[in-house]
Structures are given as C-alpha cells and as structure tokens.
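*Asks:* Read top to bottom, the protein sequences are chains A and B. For the first sequence, numbering that gives the first Met the number 0 assigns the number 249 to the last residue and increments by one with no breaks. For the second sequence, numbering that gives the first Met the number 0 assigns the number 249 to the last residue and increments by one with no breaks.
Just so you know, nobody snuck in bad clues.
Since the list gives no way to pick one copy over another, a pair counts as held whenever it fits inside one copy or between any two copies.
Only pairs whose alpha carbons sit at most 35 angstroms apart, straight line, appear in this in silico DSBU-like list of lysine-lysine:
{"no.": "1", "residue 1": "Lys77", "residue 2": "Lys97"}
{"no.": "2", "residue 1": "Lys77", "residue 2": "Lys237"}
{"no.": "3", "residue 1": "Lys97", "residue 2": "Lys237"}
Don't read these hints as lab results, they were simulated from the structure.
Protein chains: 2
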Amino acid sequence: MPPRYEVIGITGLPEIRTGDDLGRLIVEAAAAQGTPLQEGDLLVVSQKIVSKSEGRVVRLADVSPSPAAQAMARELGKDPRLVELILRESRRVVRMDKGILIVETHHGWICANAGVDQSNVDLECASLLPEDPDRSAQVLREQVRGLTGVDHAVIVSDTFGRPWREGLTNVAIGIAGLLPIKNYLGAQDPAGHTLQATLLAVADELAGAAEPVMGKLNRVPATIIRGLPFERGEETSKALLRDPSRDLFR
Amino acid sequence: MPPRYEVIGITGLPEIRTGDDLGRLIVEAAAAQGTPLQEGDLLVVSQKIVSKSEGRVVRLADVSPSPAAQAMARELGKDPRLVELILRESRRVVRMDKGILIVETHHGWICANAGVDQSNVDLECASLLPEDPDRSAQVLREQVRGLTGVDHAVIVSDTFGRPWREGLTNVAIGIAGLLPIKNYLGAQDPAGHTLQATLLAVADELAGAAEPVMGKLNRVPATIIRGLPFERGEETSKALLRDPSRDLFR
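The following block holds chain A by itself, in its conformation from the complex (with noise of 0.2 angstroms):
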C-alpha cells in the first residue's frame, strides 16, 4: 500500500465572532458536509478565526498610535494606527525598510506586520494573533475530544513571507497534539551514510498542505488532513523557533 493522505477543507462555518465555540462550529461544519472528525486527523486552523473566536480584533479609530509609531508610519506608508498595534505586538523590529515592517512577536515569530491584519475582518478593523496560539492549538483540541471523543492534533496557522522566495506559504503558528519537527538526526540512509541534522519541518509542511484548499476567498478557514501516521507529541510551536544563537540572519 503506497503512503497517502488527504486534505480536506471544511466549509460552510459561519462568521466568526468573540466568545464563539469554535470547537463546536467545526466539528457541525465537518458533518455537514459528510467528513466528520476521526481518529488520528489532524485539524488546521487559520489564525484569523481562533483570533476573532478570542475577541483579537480591535476597532482602528480606538487606537491612539504613539509619537514613534506616528513617524514609523510616515516612513513606511502605513497608517500610523495600524503600525502602533504593531509596535505593541512586538519584541523587537528586525528590519524597516521599503515601506515593509518585519519584526519578532512577543511568542518569538519573524514576520511582517507581527501578523496584524486587515484581510477578512470588518472594514475599519485590524486583527492580531492569539495571544497563545498554542494554547489557543490546546483548547481547540480539547473542545473537539469533547464533543466527538476522537483523539486528533491541531495546528493554528499564519501565512507569513520568508526571505529570498517570493509568495507567502502558510505555517503553523501553534500546535497541539503532534510533533512539529521530524528528526532524522543520526538515522542512516538506504546508502549507508549517516544523516546529520536533518529536521523536517512538519508541522509547517502540513500547514502549508491546508493552504491550497483553504484560500483567501473561499471562506474555507479549518482543513483536515487525514490518514498521515504523524508522530504524536506535546511539544509546542516554540519547537519551530531557531535558536538566535544558530541564525545567520536575525
């Protein structure tokens, strides 16, 4: 039997608002439309329904950005109440240039704009990241165990750019369940030689798989990926930070 696996996007969610039981409303959503949750599935879900599910959407004309934030914006091109939701969800900024703002998030992320966002949430409205996707990834796996008794792992993804490629792909930004990287450390190949330092990124690769049929359109925000055998784990996504002291380009 070759390996196989599927990717299922669920639709039909409604549209999300703070206190929601996203457990609940994915779960509905999934048996719906004839894919109820199982065993060993792994649900991907995008950041901005857990963020709107936990009240991380905050009315722009309620913002009052800071002197500092004021004149970043003015050098960037960006509205000044946006960067200041920035700047505050932010440890350090890692690069300001070409009106692009690329910073490290308090959970340790580099990414642009600290993932605070315009795309899909009410008009005059900016969203943020949970504040523990993590934990966010945890709940939701629990709310689901709940309902269903299924075991099943969960990843809150985030499209984030990178360097040098083009496009944004998505990742995993919080992770409940599985183990985000894969080791071959150590492991000898079919030819004989000893891999070194070869990690895989899984959790990442599989937010990634979701993307496809997820969209920014289509209003598809969770996936399921279904029948991979992937390593179960409790690590968290602090996994897929790189140590500072290993990164040639912080």
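Once you've looked at the hints, dock chain B against the given chain A.
*Replies:* This is chain B only, laid out in the frame that chain A set:
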C-alpha cells in the same frame, strides 16, 4: 462538496542511475501500486533522483579542492572537496559562520551548501542540484505525457532550511505546467477589503505537502498530488525568486 485533494507516495522505484528514463520508471511504479497517473495530477519528484538520472553525482576522489576551498573548509570544519563542489555550484557566498555555508546557486536559490549533498548517494560521492531543474521538470512532464497521454504538471523539489524557523521544508526548485504563485492581488475578501500583495507560493506549499510521504529514508522519491484544481501555466520556478531589490535579507 468540500474542496479536497490527495497526496500519494510512489513506492517501488528502483535505485536511479545516470541515463535512466525517469518518466517511464515513475509511470510504471505508479501503475504497479494501483495508482496510475491521471489527467490533472501534479507530480512532485525529489531533486535527488532527477540529479542521479542526469548524472549529477560526483566522486569526491575526483575533486581537487582549490586553495580557497581548502581555507574555507578548515574554517567550516567541512571536507574541502565538498566545499570545492559547493563553490563551483555557487554564484556567491551569502553567509559563512558557525559551520554553516549559505550560498546563492547559479540558479538563484539561496540555500545551505548549494544543494550539494551526500545523503542517499553512494559513499564517497555527492549529488549536485540539476543544472536546470525547470528543464528537468519539463522533460519529465513530456516523458510522462508521451507514455500516458495525460496532461499533468511537475515539481522538482528539494529540502531547504530557512532563517528564523527550525527545520527544513520541501520547496519547489523546478516547475512545469503549473503557476507557482497564486495571486490575490486586488481581489476583495468577503468583508470588502481590497487585499494587497497577497501572493501565495502554492508550488512551495505543494512541494511541502509531498514531503511527509516521501521522507528521507523511505525510498519514496516521487509523489502524486491528485484532485487539486491548481492553476495551469508555463511559468518556471524563477517566479519564486524574490527580486533582490525587494529583499531585506540578502
């Protein structure tokens, strides 16, 4: 009907040698395991077997390292013959520190060791990236089409590291028959925002989707992605190279 697709590893391929007809071997192996290639499939093939079929494997005993390569090798703690190969495959050194050598290849990819790699090749050998992976993808596409009559697309993939995030991910380095970037530029999201600059690197996401069934040790060097209505086109992997003028990390 929910949007969905399947990822199917192709097992049973023989050890690939220079001059092997990779298209025929893949078509036969896919058919033998009961999943013959179909119209609209996307075939993701590991760089390693493409390089092997193209004779891009070098015996280290045949490599005479230059003085420059010897000096760099001492500093990096690497085999000077490997460093010599890496430099030959490179346009420039991007970073060299902490035993890590990041270069820009002649293709324009920025990656560790120019893709020169000793895993899954004979001991005392190293494999190089294909000279022109887009051409390799196109040749493979035509071989498969000639044998099966089905219209499909091909990605040649390799596992690259990236700044800031731990672990490698599989990415596209050669492409035939699909648009590597999905462009949401100017589209409106359901809330009425005009999305700006939302380019998704679907070719990289799909190369990544293939990796969990490929693995490093499983001898599954080719994968079918089936059922995804990807955008057809004749762009090459060059579309995934970020313009240096818009890159803050070169």
